[in-house]
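S.K.: Residues per chain are reported as follows:
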Amino acid sequence: MNPFLDALLLQAGYNAALVAIGAALLGFAAGSSGTFLFLRKRALVSDAVAHATLPGVGIAFIVMVSLGGDGRSLIGLLLGSAITAWIGLLLIEWIARHTRLAEDAAIGAVLGVFFGAGIVLLTIIQSMSAGRQAGLEGFLLGSTAGMLFQDAVIIAIGGSLAVLATWLLRRPMTLVAFDSEYAAAMGYDVRRIDLLMMGLVMAVTVIGLKLVGLILIVAMLIIPAVTARFWTERSNRVIWIAGAVGGVSGYLGAVLSASAPALPTGPLIVLVAAGIFVFSLLFAPVRGVLAAVIRHRRFQARVHRRQGLLALAAQHPIREAYTLRLLRREGLVRADGVPTETGRAQAAKIARDERRWDIAREVHQDVGLTGRYDGLTPIEDVFTADEIADFDHRLGGPIAVGDL
Amino acid sequence: MEPSLTHIKQPTIAAQDGQVTHPASPEADVPLAVSGVTVSYGEKPAVFSVDAVFPAKAMSAIIGPNGAGKSTLLKAALGVIPRLSGEVFVFGQPIEEARERIAYVPQRASVDWDFPTTVIDVVQMGLYRKVGLLGRLSGHMKARALDCLDRVGMADFAQRQIGQLSGGQQQRVFLARALAQDADLYLLDEPFAGVDAATERAIIDVLKLLKAEGKAVVAVHHDLSTVRDYFDHVFLINVRRMAEGPVETAFTTENLQATYGGRLAATHLDELSMTGGV
Chain A
1 MNPFLDALLL QAGYNAALVA IGAALLGFAA GSSGTFLFLR KRALVSDAVA HATLPGVGIA
61 FIVMVSLGGD GRSLIGLLLG SAITAWIGLL LIEWIARHTR LAEDAAIGAV LGVFFGAGIV
121 LLTIIQSMSA GRQAGLEGFL LGSTAGMLFQ DAVIIAIGGS LAVLATWLLR RPMTLVAFDS
181 EYAAAMGYDV RRIDLLMMGL VMAVTVIGLK LVGLILIVAM LIIPAVTARF WTERSNRVIW
241 IAGAVGGVSG YLGAVLSASA PALPTGPLIV LVAAGIFVFS LLFAPVRGVL AAVIRHRRFQ
301 ARVHRRQGLL ALAAQHPIRE AYTLRLLRRE GLVRADGVPT ETGRAQAAKI ARDERRWDIA
361 REVHQDVGLT GRYDGLTPIE DVFTADEIAD FDHRLGGPIA VGDL
Chain B
1001 MEPSLTHIKQ PTIAAQDGQV THPASPEADV PLAVSGVTVS YGEKPAVFSV DAVFPAKAMS
1061 AIIGPNGAGK STLLKAALGV IPRLSGEVFV FGQPIEEARE RIAYVPQRAS VDWDFPTTVI
1121 DVVQMGLYRK VGLLGRLSGH MKARALDCLD RVGMADFAQR QIGQLSGGQQ QRVFLARALA
1181 QDADLYLLDE PFAGVDAATE RAIIDVLKLL KAEGKAVVAV HHDLSTVRDY FDHVFLINVR
1241 RMAEGPVETA FTTENLQATY GGRLAATHLD ELSMTGGV
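Residue numbers (my numbering), protein chains in the order written: chain A, 1 to 404; chain B, 1001 to 1278.
Mixed in with the good hints, there may be bad ones.
[To be verified] Pairs of lysine-lysine, DSBU-like flavour, derived with a Cα cap of 35 Å:
| id | chain 1 | residue 1 | chain 2 | residue 2 |
| --- | --- | --- | --- | --- |
| 1 | B | Lys1057 | B | Lys1142 |
| 2 | B | Lys1142 | B | Lys1208 |
| 3 | A | Lys41 | B | Lys1044 |
| 4 | B | Lys1142 | A | Lys41 |
| 5 | B | Lys1142 | B | Lys1211 |
| 6 | A | Lys41 | B | Lys1057 |
| 7 | B | Lys1130 | B | Lys1208 |
| 8 | B | Lys1130 | B | Lys1142 |
| 9 | B | Lys1211 | B | Lys1057 |
Source of the hints: derived by calculation from the structure; they are not laboratory data.
The shape of chain B in the complex, shown without the other chains (with noise of 0.2 Å):
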């Protein structure tokens, strides 16, 4: 795995004074490169000028304490939520020029589950923008919303209405949904939180084979004890940018605890990331 397309930074307090310290390069092959991203509620900012790179075919997670900005990077980027400042580049297009490239799994609980809709038409709702306002969905389409329902193994429920779904049906119906917009890039908000242990394993084989396919994953992670299995990349993040690199180099103990805070107890830092050397 070389997906070090940035140099790891120890704990740089970035930007403090606002600058930005190392502009996204738009550049091709970088599927997701922001630049001095900004997010305000008011006077007092989630998300302080934050430049982050996500490299190909990887998988990486955005990492940092509750309140410290992931979601509200992630919903920035994609313009979700309005960025105060910044620049956002996907495989060197400004965003909105991309967007067919791009897949987003939003949080679970961010919809109303008892909406009238079968677990199908959620997940044809991923080719909508293919289908078009007035186009009629082809056989073919169906079938490939069947098949990516059946990808996370939720084929049987095609028919049931959402509202009886679990917790980690629901997840895996937005992550089919995800897969049929065919993108290069899926972003997935907190994919593995309040599911069960099925639904984790399914999500994380899917989205495995999503990097081997040559794609980048990038999630929203809160649980650090499963960073090394599941992911290559880390960005950690508290409000500003703490550090980001390969697992192996920037998921260290200083850097958790620089992000962290005094939040995580020592010993389980030391748990968490037995680095290799360095």
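Only chain A is shown next, with the shape it has when bound in the complex (with noise of 0.2 Å):
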């Protein structure tokens, strides 16, 4: 009835509920093994990688041909295309490595040159054999129409395999990314696991190549890990939060490009992605935008709370108006600016509790302590009550005096 309901229980048909399992699986293969990609800042080596399959699979096409098959194999297809990734990849390595051009300049070079290179052998293919060609070109962004059962395994396969290596590989990939030197000399060969990463993510790149295309798979990659960050303060939870959040977007976009079938699926995917990255980005409780604004606002609401009453401690006029609207607010202040009861005994209690810091830095040692000494913590909450009363007697009143 509904279109886009029906695509969502799988119930639009073979082809668009294979295409929507096969999309989920990606995604959370995608999204899982980008992880230490986007933890070791190494994002856009993928892009390069992902352009890097096109000349693989120009060229497998052209040898499976000359060889007598119809070249249309996937399997052969997705071959070539790892080797001339591989090859790709070695090539960014070797020149950061070995010459005096940074990785972004590999990464440029490696990319446009390969890029350009299966470009050429597309249009010499499309050229040379008419017809047999047909569905090359959707390596580029991607293609669900005739998709196949065997697509789906390929999938399915690869991607668990992607996803087991990911969790077994964690530590040394943590302790690389986050720390690369310690790891070195913990007798770690740290450009091994890298090259073992970026095997990794080549895996996921092969075999999404269809689905998504190449142009598109490095934002399946990074997406989902990025958007994870905001969620969890621990590499192991981004590793599954980046995987669920990549297999919802690839489950949801093909559904919607089910739902509407002029829409491309590839696209879509990366749509719904980045749909949830922004969500997090304003929503998430800790690292996100909206959480920060509260907890900036909060903090200036504090300081201007603080300032306001030592002002009315020391009878000076508060000029500022938000400290005013806050002080009234909070009844600490008539509106005509004059200090309620409340008002008063507050401003005695932050005046008396300077006094009393001023003591505690004189007496104590312990700079662990009266470092804590910012203004608007506590003093109640960094020394015990005895403490404090022991700064009391110190700062002495009307008794000590007395005693004198």
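Make one complex out of these two single chains by using the hints.
M.R.: Now the structure itself:
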């Protein structure tokens, strides 16, 4: 009835269901294995690697045709793409390591050259054997038309292996991403671990080529990990949250494109992922923009409150409108600016705490404690009641004077 | 204190011609010996043909001006950056075979402190070699990590995200990670750089305890005023090896002058190294 609901419940036909499941699996694999790519800050290397698959597709097609095949065996095409992608990756490594060029220059060079070579090969193929090359352009932006059960199986098996490998290698990859010098000092082969990580990413890229295409696969590797980072402070959890974000994006993207057949699947998947990313960016509890704004406003209020109360205690006029509004809202001053009963009491307390801190700094040698003075942390949070009583005693009041 | 495994040489301009002055002997009781180590970025050597022997059961400082190759020597010895030449022995074995006996505390600034990990996770990284790829961290190991954190006074921070720590706290966590390795040789790169006084105290207490347990400590150090208090042995470097030996005999005005050139005021030097006799 409703095409979107039908697709969501996998009732929109065999092909649509196959695509939805395949996209979800691919999304999960890409999200989790992209985690360390993001944490190692090498997202763009994967973009170059993805573009470097294209000449491999062309060469594999030509080789298979010249051997008498029809050139459309998916396994053969993927194998070819993996080989040139690996060469591209090694080239980037080599350029960054052995020349004075930085990695970004190497990425740009390899990406452009390999992609260009791939386009030239596709053009040659088009002219040499009309008709049979149909579908090769699908590797650029992905295509779901005519997805076979076998294609879904490739994604399922390859994707599971990639997730498993990510989980097994999480310790060395975490170590290298966080502190590669320490990893090297402990005897880990940092270069080999980096290559392994990129190898994983390459494998996911290759199995995702047909569905999402080489231009957008980098988004599926990176966006889920970046999104997951908003929700957790632990790298192990980033792996699974990124996988979930990727899986949901893949599924919803495929469902959307099935319910609106004129829209392409790969780009929709990426847009869904981007939607989840934007939501996380805004609303994540600690790292989100909204949370940061709220924290900042609260802090600002505390600063103004203290400033205002100190001014009240010293009987200075308060000039900042925000401070006055704040104190008025809390019932500390009246509308005409005169402090209320509570206002006077609070002001007296804050002024006395300032003097307690002065004493604390004199008598306490422990910088760890007195160093916590920021004017905002309540003194009761830092010192015990007995210590504060001691400060009060040293502070001296009318009683202490009487003792003299 | 008798950490004098090497004889004191007057500020030797070591190996002017690239010749090794005293080849490191792979002796099992020498925690760290490097021989003929050269590191070069391009054609200009950052460390040139350096020999050094760091004694057992002692705290040694690697000292020299900025850009003298202190950290570079340490990293090259560990293989963190490639050596152009030279050999490194740890307790008599080539370093590659003695990795599990070394703990390294890199410079704080070398990592991204916004990385998604907690304090206790970082300390547990020190156990990764022991746990292996597939093993689970046993309860015993987790307790051990927490204990190491406690030794640097950071047990209360175990579950904090590392980005919330102050510089001094970050440095303590790095030290706790090294302690978790339970090594015999501790190599530290500027452990006191940019930390608060309380942290400096805490770190030096832990290091002195390690020494008392018979471990060897080698630290790149930049604060000449604390050398006498903290260290037993010094190694002075300015691209080349300038001098080495026990603090009492090698941390002298002449040696410092040779190492730092005109960069230290003479009066300052007199304050720093009022050597006993000699």
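S.K.: Please work out if lysine 1142 (chain B) and lysine 1211 (chain B) have their alpha carbons no farther apart than 35 Å.
M.R.: holds, 25 Å
S.K.: Against the 35 Å threshold, does the CA-CA distance of lysine 1057 (chain B) and lysine 1142 (chain B) hold or violate the hint?
M.R.: holds, 28 Å
S.K.: Would the pair lysine 1211 (chain B) and lysine 1057 (chain B) pass a check requiring their Cα atoms to be no farther apart than 35 Å?
M.R.: holds, 5 Å
S.K.: Is the straight-line distance between the alpha-carbon of lysine 1130 (chain B) and that of lysine 1208 (chain B) 35 Å or less?
M.R.: Between lysine 1130 (chain B) and lysine 1208 (chain B) the Cα gap is close to 25 Å, so the pair holds against 35 Å.
S.K.: Measure nothing beyond the straight line between the CA atoms of lysine 1142 (chain B) and lysine 41 (chain A); if it is 35 Å or shorter, mark the hint as holding.
M.R.: Judged against 35 Å, a Cα distance of about 29 Å means the pair holds.
S.K.: For the pair supplied as a hint, lysine 41 (chain A) and lysine 1057 (chain B), confirm whether the alpha-carbon distance does not exceed 35 Å.
M.R.: violated, 41 Å
S.K.: CA of lysine 1130 (chain B) to CA of lysine 1142 (chain B), is that 35 Å or under?
M.R.: Holds - the C-alpha atoms of lysine 1142 (chain B) and lysine 1130 (chain B) are around 13 Å apart, at most 35 Å.
S.K.: Hint check: lysine 41 (chain A) vs lysine 1044 (chain B), CA-CA at most 35 Å. Holds or violated?
M.R.: Measuring from Cα to Cα gives roughly 30 Å; hence the hint holds.
S.K.: Against the 35 Å threshold, does the CA-CA distance of lysine 1142 (chain B) and lysine 1208 (chain B) hold or violate the hint?
M.R.: Holds. Lysine 1142 (chain B) to lysine 1208 (chain B) sits at ~25 Å (cutoff 35 Å).
Violated hint for the displayed structure: number 6, the only one.
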